[in-house]
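Student: Protein chains in written order, with my numbering: chain U, 1 to 280; chain R, 1 to 221.
Honestly, the hints are just simulated from the structure, not real lab data.
Across the chosen pairs, the derived CB separations fall in these ranges: (1) U:Gln6 - R:Lys218: 22 to 30 angstroms; (2) U:Val245 - R:Phe140: 54 to 62 angstroms; (3) U:Asp120 - R:Ser32: 34 to 42 angstroms; (4) R:Ala59 - U:Asp65: 23 to 31 angstroms; (5) U:Arg69 - R:Lys219: 16 to 24 angstroms.
Every residue, glycine too, gets a C-beta built ideally from N, C-alpha and C.
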Amino acid sequence: MIKIDQLEKCYGDFRLEVSMEVPEGRVTGLVGKNGAGKSTTIKAILGLIRPDGGSVKVLGVEASDMTARERSRLGVALSDSGFNPGLSVSDVARILKKSYPGFDEERFLAACRDQGLPADKVIKTFSTGMKAKLRVLTALSHDADVLVLDEPTAGLDVEARTEILDILRDYLARNEKRSILITSHIATDLESICDDIYLIHQGRILLHEDTDVILSDYAVIKADEEAYEKLDRRYLLTARKEGAVYKCLTKEKAFYTENYPGLIVENGGIDDLILMMTGR
Amino acid sequence: MNGLFEKDLRLILRRKLTVLVLLMILIVMGLSSDNLFLTGYGTAIFGFLAMGTLSCDEADNGFAFLFTLPVTRRQYVTEKFLFTGACTLVGWLTSMAVAAAVSAIRDTGYGVSGQIPENAAILFVVFAMIAISTTIQMRFGVEKSRVVLLLCVGALCAAGMVVSRAGGGSGTSAGLGTGYQAQGAGVPSDAMILLVIAGASVVAVFIAYRWGIRIMEKKEF
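Next up, chain U with everything else stripped away, as it sits in the complex (with noise of 0.2 angstroms):
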């Protein structure tokens, strides 16, 4: 559904350069620090940007040589754009309804009443929280095979991003063959939804897993020196010295448990994943 091939966006000092792809089904998430690519990548995908090299491929068609056909099929949340704060939740149903062949005005109307939007309020008095759901509804309103979805839950407390993620999964519920792509730096978020997850740090891709390899086979090793000094680190794949303890994550926990008895072996997630391989 996207296939990114060797892209390259400079902006002044900062360089991405990425290759990634979300294939169709699949809930792919692109997780990293602030600052780290993801928005760049999304505004690659989406056409907002020209990249300076490589190729970025939507559906099958060049991000750039997106037709408004090829658009309909995608639907979009993006952090910090939407439409016009002026406008009410029933003035976007209908500009939905124009814009969108597969829009569903009255399923749209009820899911927003469902989350507490009112029809009639103008965008600009509703909560952070407001906006986030109907920038997520909006991406779902008229059935788009491919999901972009840019920290649709940034800002938002436990609760809101909760429902959000609900409101996610209903989506995916309904139709196995649509897939998502969906970044946060809030990485406990994606690991209950996401199939694959890749890690972006400074422009570049670290690391490309899938989430139950991540949960099941990776995990953070804590050992003092004399501990550290006979680990086996073949199996490492960082290591840094906080204090007197060293931690370091490995892919291999199953070896470390078997091999190190005494060793402290932690379940690693997506948030020990970002600290340790990005983290100073």
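Since the structure of chain U is already known, use the hints to place chain R on it.
Tutor: Showing chain R alone in chain U's frame:
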């Protein structure tokens, strides 16, 4: 593109009070000003009101989301030109209607029918002005384009004076109503002036449109 029309229409309708105030000002001006100034002012105001939707699109990084909708950048520019053009025309017709009504109430003896060429010239000038301003706003954004708008208003006033004088009038209501007439030898007729203005306007709008497409297709959001 229908979605863009709907969006712009709804943005305008959200400013109902502004439209109402403008209509009131038009009526008051109709009672105290000459008809040509009234139509020029009314037409330009409606055009700029429509152009305000461009500022709305640009606000809060709105373009980024707008260009994820099923619309190409070329279609966006086309819609914007059609929408501002249509609003300008509505403004012109409304101003003409107000001018005709005020003339009838004041029983001036000359209605707007005798000033069709002058009023048509105003419409063409405003079309060109709005088109150029729209493109300049696409290129420079809201802030810088304000300077250009001020220059355009100055140009409108100057053009109005030229048209009024070329129409044989002194620029006051006493000279109006002479309308479409043949001039003496060596002096271009009203019809010729109107044709020149219309031609120049069409060329200006076309160039502005093509320039607008180039600007938007090159922009990154």
